Each structure stands twice: as structure tokens, then as C-alpha cells.
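Student: Using the sequences provided together with the hints, build the complete structure.
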Amino acid sequence: DAGVIQSPRHEVTEMGQEVTLRCKPISGHNSLFWYRQTMMRGLELLIYFNNNVPIDDSGMPEDRFSAKMPNASFSTLKIQPSEPRDSAVYFCASSPTGRGSYNEQFFGPGTRLTVL
Amino acid sequence: AQSVTQPDIHITVSEGASLELRCNYSYGATPYLFWYVQSPGQGLQLLLKYFSGDTLVQGIKGFEAEFKRSQSSFNLRKPSVHWSDAAEYFCAVGAESNYQLIWGAGTKLIIKP
Numbered sequence: 218d219a220g221v222i223q224s225p226r227h228e229v230t231e232m233g234q235e236v237t238l239r240c241k242p243i244s245g246h247n248s249l250f251w252y253r254q255t256m257m258r259g260l261e262l263l264i265y266f267n268n269n270v271p272i273d274d275s276g277m278p279e280d281r282f283s284a285k286m287p288n289a290s291f292s293t294l295k296i297q298p299s300e301p302r303d304s305a306v307y308f309c310a311s312s313p314t315g316r317g318s319y320n321e322q323f324f325g326p327g328t329r330l331t332v333l
Numbered sequence: 024a025q026s027v028t029q030p031d032i033h034i035t036v037s038e039g040a041s042l043e044l045r046c047n048y049s050y051g052a053t054p055y056l057f058w059y060v061q062s063p064g065q066g067l068q069l070l071l072k073y074f075s076g077d078t079l080v081q082g083i084k085g086f087e088a089e090f091k092r093s094q095s096s097f098n099l100r101k102p103s104v105h106w107s108d109a110a111e112y113f114c115a116v117g118a119e120s121n122y123q124l125i126w127g128a129g130t131k132l133i134i135k136p
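Just so you know, the protein sequences line up as chains Y and W, in that order.
The opening residue of the first sequence carries number 218 in the numbering used here; numbering runs sequentially from there.
The opening residue of the second sequence carries number 24 in the numbering used here; numbering runs sequentially from there.
If you're looking for bench data, these hints aren't it; they were derived computationally from the structure.
These numbers come from a predicted model, not from an experiment.
Even for Gly, the Cβ is constructed at its ideal location relative to N, Cα and C.
Among the hints, erroneous ones may be present.
One-sided excerpt, in silico: chain W residues whose CB lies under 10 Å from chain Y [what the hints assert, rightly or not]:
id	residue
1	Gln61
2	Gly64
3	Gln65
4	Leu67
5	Leu69
6	Gly76
7	Ala115
8	Leu124
A few chain W residues that face chain Y, going by a derived Cβ cut-off under 8 Å, partial list only [unchecked claim]:
id	residue
9	Tyr122
10	Trp126
11	Ala128
Tutor: Written out as C-alpha cells, the structure reads:
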């Protein structure tokens, strides 16, 4: 299995631009997580999907952030408009069952976002 | 409140020396405990996990961890570190009733040659 795939690996954009991050979870996994990692705040859960349905988006920092999962093999995280404080590494993780916390979360390599 | 504490931000050890990384948790339910490793520029990889049973669990890369309920701890150990173990290590706790993992802040391991 190829593991969790994220694209792009690096994104540099200017403030105000729209940014779209992409994730392909491991086939057969039905839980998907988007995380943000920064030096100041560590690893933060942004949103959790189960069977393509958003279950908990309480970690999404504000309305500029949105996430979708149109099917079991694809998810996007969009930031519009982007701001310099959004600069971080964004990780996607998938897990094989609905209650993911007691199963291993498999992480993608991350997207390093820099907003100038 | 639910929390995970990794009291050491950085730890420096010599190659070949033993290692112990500390993790303490506060969790209302029976915890499921995890250690993940993050190499520079990479995602997080699971080292080991504890759900129940034997409180000493073995993981990949020669790591082990011991669950001590009385101390609310789940410390990670390795008898002899290698330069390739230089990375950041994260402890996390979850529960059967909750999909979400509570993450520690991480401990950065530096290996001296």
C-alpha cells in the first residue's frame, strides 16, 4: 500500500490567495483526520471525517478554512483567503475504523504551507 | 481535564547510551496509549501502542514502553540509541469512547556521536 498521500508537499503563496491541500487516505480506511502542526501550538486536530461525513470540525480555526470529503479516497482542505498565520505543516491521517482513537492513525508526509 | 505531558522538550544522549522519554497523562476513561516518532520532514509513525494486557509493550526499532497506572505514566525506553533515532517523539492518549487522540507537545531527541 502506498500509504496516505498528500499533495502538494510544499506550497508557497501570498496572503489573500486560495490554497487547496489534498489527501488520499489508505484504501479501506474509513476515518480521516486533518491536523495542523506549528512550533507554538504543536499538533492540532482540525477536522475528523467518518465514512466521508464530517463528524467534528470544532478545530477548524475560522470560516476561512473548509474541508470536504467527496468520496472515500479523496479529501481537501481549503484556506480562502490565506493569511501568514496559516503557515504550518498540515497533515492528513487515516484510520481503519470509525472510532479511530484506539486504532493506529496513519499519517501522510504533510504539506508545508508558507503564506507570505 | 484530559491532557498529556511530556516534560522534556529536548533530550540529548550519546550514541549507544540508554534512553527514557517521559509521558504522563490525565484521562478520565481507561486510556489507550501511543508513542509516535516524527523524523525531520516526515509524518508521524507509530512506534507502539497499549490497549490492555501486559503493561510492558514492545514496538518497532527496538523501543519499548511501560504503562504504570498508579503513576499515570507511559514512558518510552530503548537500551541503546542509534544516530538514526534522532527525531521528535510524541505521546498520545485516547479511549474507546472517543475518536480523538490527545497529544503531548513532543520531545526532541538529539544524539551525540
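Student: Now look at each hint and say whether the structure bears it out.
Tutor: Checked hints:
Given the 10 Å rule on beta carbons, the hint for glutamine 61(W) holds: about 8 Å separates it from the nearest Cβ of chain Y. Hint on glycine 64(W) holds. Least Cβ distance to chain Y is approximately 8 Å, under the 10 Å limit. Taking 10 Å as the C-beta cut-off, the interface hint given for glutamine 65(W) holds, the closest approach to chain Y being about 6 Å. For leucine 67(W), the interface hint holds, since its Cβ comes within 10 Å of a Cβ in chain Y; the closest pair sits about 4 Å apart.
This hint holds: leucine 69(W) has a C-beta 5 Å from the nearest C-beta of chain Y, less than the 10 Å allowed. Hint on glycine 76(W) is violated. Least Cβ distance to chain Y is approximately 14 Å, over the 10 Å limit. A cut of 10 Å between beta carbons decides the hint on alanine 115(W): the least distance to chain Y is about 9 Å, and the hint holds. The interface hint given for leucine 124(W) holds, since its Cβ lies 5 Å from the closest Cβ of chain Y, which is under the 10 Å cut-off.
Because the closest C-beta pair between tyrosine 122(W) and chain Y is about 5 Å apart, less than 8 Å, the hint holds. Taken as an interface hint, tryptophan 126(W) checks out: its beta carbon lies about 5 Å from the nearest beta carbon of chain Y, inside 8 Å. Checking alanine 128(W) against chain Y: minimum C-beta separation of about 5 Å stays under 8 Å; hint holds.
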